[in-house]
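Visitor: What follows is the residue order along each chain.
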Amino acid sequence: MPSKTTSQPDLSPIEQLDSAIHAPARLMILAYLAAVASADFTFLLTQTGLTRGNLSTHISRLEEAGYVEVKKEFIDRIPRTLYKLTGSGRKAIAQYRENMRQVIDNLFE
Amino acid sequence: MSTNNTDASIEQLKRKAYLGYHGDGILDLLLGSTMLGIALWLLLDSIFFTFMAWMGFILYAGMKNSITIPRFGYVSFDETKTRYARTISVGVLLLLLSLVVGILFFMSPDRIPPSVSEFLRNYFEYMLAGLCSLVMVLMGALSGIKRFTGYAGVTIVALWLSLQLQLNPVTPLLVMGSLILLIGTTLMVNFIRRHPLQSSET
Chain A
1 MPSKTTSQPD
11 LSPIEQLDSA
21 IHAPARLMIL
31 AYLAAVASAD
41 FTFLLTQTGL
51 TRGNLSTHIS
61 RLEEAGYVEV
71 KKEFIDRIPR
81 TLYKLTGSGR
91 KAIAQYRENM
101 RQVIDNLFE
Chain B
1001 MSTNNTDASI
1011 EQLKRKAYLG
1021 YHGDGILDLL
1031 LGSTMLGIAL
1041 WLLLDSIFFT
1051 FMAWMGFILY
1061 AGMKNSITIP
1071 RFGYVSFDET
1081 KTRYARTISV
1091 GVLLLLLSLV
1101 VGILFFMSPD
1111 RIPPSVSEFL
1121 RNYFEYMLAG
1131 LCSLVMVLMG
1141 ALSGIKRFTG
1151 YAGVTIVALW
1161 LSLQLQLNPV
1171 TPLLVMGSLI
1181 LLIGTTLMVN
1191 FIRRHPLQSS
1201 ET
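Protein chains in written order, with this note's numbering: chain A, 1 to 109; chain B, 1001 to 1202.
In case anyone wonders, no lab produced these hints; they're calculated from the structure.
Each residue gets a CB set at the ideal place from its N, CA and C atoms; glycine is no exception.
Certain hints may be false.
Taking lysine-lysine and the DSSO-like style, the derived pairs with C-alpha atoms no more than 27 Å apart in a straight line are [what the hints assert, rightly or not]: (1) B/Lys1064 x A/Lys91; (2) A/Lys72 x B/Lys1146; (3) A/Lys91 x B/Lys1146; (4) B/Lys1064 x B/Lys1146; (5) A/Lys71 x B/Lys1146; (6) B/Lys1016 x B/Lys1146; (7) B/Lys1016 x A/Lys91.
Over the 10 Å line for every Cβ pair with chain B, so calculated as not near, a few chain A residues [to be verified]: (8) Gln8; (9) Asp10; (10) Ser12; (11) Leu17; (12) Pro24; (13) Ala31; (14) Asp40; (15) Gln47; (16) Ile78; (17) Arg80; (18) Ala92.
I would like the entire structure built from these sequences, with the hints used as guidance.
Guide: Below, the structure is given as structure tokens:
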């Protein structure tokens, strides 16, 4: 039994975790987009292993949050829909990383 | 979960994506057909094979669009893409230059000083093979795909062996072109097996 004098771990950083990022599928999508300049739907589909429907839903959620930008471009005269990580997406990942570090430090130190 | 570790992981992810995107063997097919085209042109003295040497460069974008992108997806790597394009351009320019020099030499040998003419006559094929090796070293160093550096090393060894054994000087180009073409075909077959065709984009 822990004694009453033992201090409680500070779990407030958990509340600050960004729910738009804190889902394995969305984190995976963001990781791939952070690694490349831009990618199309098929690339994200083959790399993440998600189903089409799932991927589409998660990308929409990230787009709503302003973390992913959708661009239509002609590459080699072929129109392509490309997904790109935005500046706020990059900042959100850095913030999420910091919050997760604090959560883990407070819980398991 | 340090920043350095995270950056290294993102870098690994980028490398994995990059190698996956270029794991289709198209670059190998392009290089192999160029070397084989040059070798057959020198061996059979037929202008048709110079077209074979350049065909790969013309077909590259089309092959990428019809084989790689529908299976693997399209991905842009920023500076690596620019580096890669620059490498290919350097390779094309070097080979073009060598072909122009070769054609001029064969068409008008009288205009070249006899000592240079004799040197070119004796070592032209070796120079071309050496040039191909240089292009492969450049491709390996700038694209980060290590097998190109390996191809260059084996080509140099083949050149040396051909000199030692006094074989036909076209032999190293012929052997290496066929070998690279075979490796490219194997890579492409494996790529197509690993990455089935995805239905149209959402």
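Visitor: If a hint holds in the structure, say so; if it doesn't, say that too.
Guide: Do the hints match the structure? See the list:
1. B/Lys1064 x A/Lys91: 34 Å, violated
2. A/Lys72 x B/Lys1146: 34 Å, violated
3. A/Lys91 x B/Lys1146: 34 Å, violated
4. B/Lys1064 x B/Lys1146: Satisfied, since the Cα-Cα distance of roughly 20 Å is no more than 27 Å.
5. A/Lys71 x B/Lys1146: 33 Å, violated
6. B/Lys1016 x B/Lys1146: 14 Å, holds
7. B/Lys1016 x A/Lys91: With Cα atoms ~24 Å apart, B/Lys1016 and A/Lys91 stay inside 27 Å; holds.
8. Gln8: 23 Å, holds
9. Asp10: 18 Å, holds
10. Ser12: 19 Å, holds
11. Leu17: At about 14 Å from chain B, A/Leu17 clears the 10 Å cut-off, so the statement holds.
12. Pro24: 15 Å, holds
13. Ala31: The claim breaks: A/Ala31 does not keep its Cβ more than 10 Å from every Cβ of chain B (closest is about 6 Å).
14. Asp40: At roughly 4 Å from the nearest Cβ of chain B, A/Asp40 sits no farther out than 10 Å, so the non-interface label is violated.
15. Gln47: 7 Å, violated
16. Ile78: A/Ile78 is in fact no farther than 10 Å from some Cβ atom of chain B, at 6 Å.
17. Arg80: 6 Å, violated
18. Ala92: At about 14 Å from chain B, A/Ala92 clears the 10 Å cut-off, so the statement holds.
Comparing the model with each earlier hint shows violations of hints 1, 2, 3, 5, 13, 14, 15, 16 and 17; every other hint is respected.
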